[in-house]
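Just so you know, the protein sequences line up as chains D and B, in that order.
Using UniProt numbering, read the first sequence as starting at 1 and increasing by one per residue.
Using UniProt numbering, read the second sequence as starting at 1 and increasing by one per residue.
Note that these hints are calculated values from the structure, not bench results.
A quick note: this is a predicted structure, and the numbers were derived from the prediction, not measured.
Even glycine gets a Cβ: it sits at the ideal position worked out from N, Cα and C.
Check each hint, because a few of them may be wrong.
Claimed, not checked - Residues on chain D that point at chain B, a partial pick, calculated with CB under 10 Å: (1) K16; (2) R44; (3) S51; (4) D57; (5) F59; (6) R64; (7) R66; (8) Y68; (9) S84; (10) G85; (11) R88; (12) Q89; (13) F90; (14) G105; (15) W140; (16) E146.
Protein chains: 2
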Amino acid sequence: MTPQAMLDVAVAEARKGLAEGGIPIGAALFTSDGVLLGSGRNRRVQQDDPSVHAETDAFRAAGRQRDYRSTVMVTTLSPCWYCSGLVRQFNIGAVVIGEATTFHGGHDWLAEHGVAVTVLDDARCVGLMTDFIAAHPELWAEDIGE
Amino acid sequence: MTPQAMLDVAVAEARKGLAEGGIPIGAALFTSDGVLLGSGRNRRVQQDDPSVHAETDAFRAAGRQRDYRSTVMVTTLSPCWYCSGLVRQFNIGAVVIGEATTFHGGHDWLAEHGVAVTVLDDARCVGLMTDFIAAHPELWAEDIGE
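Construct all of the structure, not just a fragment, from the sequences and the given hints.
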């Protein structure tokens, strides 16, 4: 399974979130051979819950796994420190990122600590966040603690 | 409100978690003048959910806050990278830690990035984790991705 094909699952989650009135960030956790373990999306607005970022939602949806070293976290946006910390703590082996243009999170730090990081610069992902930030700057600032 | 008094709330959560058959780590989020915003505990076992660490549970229980700079996260145990990332991303101003002996997480990193970190070396917290790790080493390893 290509990184782009895995990203498609995260993009579908982001679009679902947008349709729900939420922040359009999606994520999915895969095994290294492309089996989907779980997917999710930011649901700060939908669940009125600040702890549900896309990556934490996908991690939860995947259930309890005994070893994450061979898993791949795919996310439409560069992971914030909260989600980067999740990746590092659980030794998730690889991260595929849709874009890091509208927000630059902790992915350089993850790469320094041995995580295989791929940034795709996907136009769909850039478009989703560019439009959302322009329309709802206060929600976006809240979501990243600014 | 003293750090020790705030820690008491987190210890009560940790003990509740232990009584439920869970991993005995508790946390609470306070305003700087001692108002409790939310408290929580690790519920990996109780909810079969790997995403519920004590700090993320307390953060969720506190609901959506517009500014965390003046808040204090109190936790019975040094925060793992996942929970340290939460603190950093949301600019939580201070962290009070029951103990960092049985597990040394990301609190030095937080201090380097301007978070006011206090480690209390609380015997109750050390006892809870020492006993738990001895009784359930596999659960503890799972919880920290080892």
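To see whether the hints hold, each was checked on the structure:
no.	hint	in the structure
1	K16	violated (19 Å)
2	R44	holds (7 Å)
3	S51	holds (4 Å)
4	D57	holds (8 Å)
5	F59	holds (5 Å)
6	R64	holds (5 Å)
7	R66	holds (6 Å)
8	Y68	holds (6 Å)
9	S84	holds (6 Å)
10	G85	holds (2 Å)
11	R88	holds (4 Å)
12	Q89	holds (4 Å)
13	F90	holds (4 Å)
14	G105	holds (8 Å)
15	W140	violated (13 Å)
16	E146	holds (8 Å)
Checked against the numbered hints given earlier, this structure breaks hints 1, 15; the rest are met.
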